[in-house]
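Below, each chain spelled out in residue letters.
2 protein chains.
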Amino acid sequence: MSSTIGIDLMGADVSPDIIYDAVQTTASKFPQSRFVLFSHPSFVVQESSQIQVSYAAHVIEMEDSPLQAVRCKKDSSLVSGILLLQEQKIDAFISCGNTGALVAASSLYLSHLPNIDRPALLALFPSRKGSMVVLDVGGNVSVKAKQLCQFAKMGTAYFKARFSGKIPKVALLNIGSESEKGTKELQEAYHILQAAADPSFIFAGNVEPSSVFMQDIDVLVTSGFAGNIFLKTAEGVASFVFQKAAERLSDKQELTHLAHELSYEAYAGALVAGVDGVVVKCHGYSSKEALCSAIEATTEQVQAKFLNNLKQFL
Amino acid sequence: MSSTIGIDLMGADVSPDIIYDAVQTTASKFPQSRFVLFSHPSFVVQESSQIQVSYAAHVIEMEDSPLQAVRCKKDSSLVSGILLLQEQKIDAFISCGNTGALVAASSLYLSHLPNIDRPALLALFPSRKGSMVVLDVGGNVSVKAKQLCQFAKMGTAYFKARFSGKIPKVALLNIGSESEKGTKELQEAYHILQAAADPSFIFAGNVEPSSVFMQDIDVLVTSGFAGNIFLKTAEGVASFVFQKAAERLSDKQELTHLAHELSYEAYAGALVAGVDGVVVKCHGYSSKEALCSAIEATTEQVQAKFLNNLKQFL
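Chains as they are written, first to last, in the numbering used here: chain A, 16 to 329; chain B, 16 to 329.
Extracted from the complex, chain A is given alone in its bound form (with noise of 0.2 angstroms):
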């Protein structure tokens, strides 16, 4: 099936040259499809008949104001990917940059899903038995109970859209496992999500960052702040302790394999959930290898519909 990716190409940390790069070595594998970079005239890109490039007149900095931002730059590569989105000539988009921008831009120019105040960013993590769902680990500072009610209900469409309809556990991430541990919120959507007992997932109570890894949680649920602080301090612990153990341990190529396996599934970098359209927000440091498979990742959904498939289960 042919489908059209957009592809930021700007306010990353890591260079347009070397997203450019990985966006070549993928369109390769997928001849079928097509590629729309947006760009800043100051980088200019060799169009060919799968790669096209749309320029836009400003960039969208790390350090701007997220919804000041996508109000004031309309005209940028990352507002004006999401438009391209929202009158549905690309298929997906992905971008580097400013994460608060790529979150606000898709809450404001796209539909949101049924019952989603607000979107989510997704993550998949790495867990005992396989893959865990994480939302949101860093689209909204702050939310309130019901969104992480939203976000339990959204958590469990992608999980089984991804895993052929299995019911999931779901748990909110918090700092201890009684009801009434965490910030107000956590408590109230503890209560909430206890008293609803929706069928269509199991709901496993609060789950603490230390013993997750090792539970069969499916979904885990937490505000941006707290999710982002996880996902980071997951990134920052797993990296010294392989750096550690690197300069210990003999067995130097199992240890890359190990650390390649472990880091694999971030690779494919995180969903903007919530909307109706796929959005992908990659890390601003990606490597060239890390954004081959998140525009790969990207490319396969699309063509195997799975945002329509997602939807069925909400």
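Simulated from the structure, these hints should not be mistaken for laboratory data.
Don't take every hint at face value.
Identical copies look the same in the list; a pair holds intra-copy or inter-copy alike.
Stated by the list, open to error - No farther apart than 25 angstroms at their CA atoms in a straight line, the calculated lysine-lysine pairs in the PhoX-like style are these:
#	residue 1	residue 2
1	Lys-326	Lys-161
2	Lys-184	Lys-259
3	Lys-199	Lys-159
4	Lys-181	Lys-320
5	Lys-44	Lys-303
6	Lys-199	Lys-161
Given the coordinates of chain A, work out where chain B should sit on it, guided by the hints.
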């Protein structure tokens, strides 16, 4: 020097036997020190020349609401210990019980150090060059900007007392490095700390948990909620990586050494920082080895008059 260390046997996830066992092992290393154990009549302990026991009618459980428990269960092992510390009949108090209750009881019954509104839980983490002081790791779920600034001062004093007066680099734990990232409290604390330009420490701005282990940060300031997520994610990811590595790598012994080395600092327990007394919180699920480390470290701190030393730097 002789010292008297109080130890709570009750209210932990770990059984009182294991805590008692750790006290006996440590006591033999410090023949000049005395140990006062706080127990419940259901767990009777043999006294000796070094080990005394005080029985309390109640136990504060993990699921108890901290403030209510401290008020209603005054005759509990936890509150009895804090009251004996208040009366200076013991030199330090160690508990593996309800964290919130331990911090609340310390705050209620012990004098606060100058300009400290609320005590914070302070822990040491391994870092690239040695040790990093992190506070709050779980004492206060939510904190105001002013309290974050007090934590910066408190962490600085702790760092100087521990590491020969060296001026520390202090950073705020946040989801981005820019000054406008994170919660309102973090944004406000950033501006206060930057404007104050306090010469007692170097303010290094915001730091993300993905890079903090590789940077030369000496004191990491955070709310108790985010700090506890950070602490427990670090624990969870490290043990997940070590377990995966143990399944795959041949160098098991070196791997065990490394895991031990990286978790060793945490074994000393977390200090309830900001009150005029040495109160140490150990993990609810502490191993005997971890408990021995904590009791030993606390005994040494008392003998070295660590708290007096810290007060000079406030």
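Here's how the hints hold up against the structure:
1. Lys-326 / Lys-161: within (20 angstroms within a copy, 45 angstroms between copies)
2. Lys-184 / Lys-259: between (34 angstroms within a copy, 23 angstroms between copies)
3. Lys-199 / Lys-159: Intra 9 angstroms, inter 16 angstroms, cutoff 25 angstroms: intra and inter.
4. Lys-181 / Lys-320: For Lys-181 and Lys-320, only the intra-copy Cα distance (18 angstroms) is at most 25 angstroms; the inter-copy one is 59 angstroms.
5. Lys-44 / Lys-303: Within one copy only: 15 angstroms inside, 56 angstroms across.
6. Lys-199 / Lys-161: Both ways: Lys-199 and Lys-161 sit 12 angstroms apart in one copy and 21 angstroms across, limit 25 angstroms.
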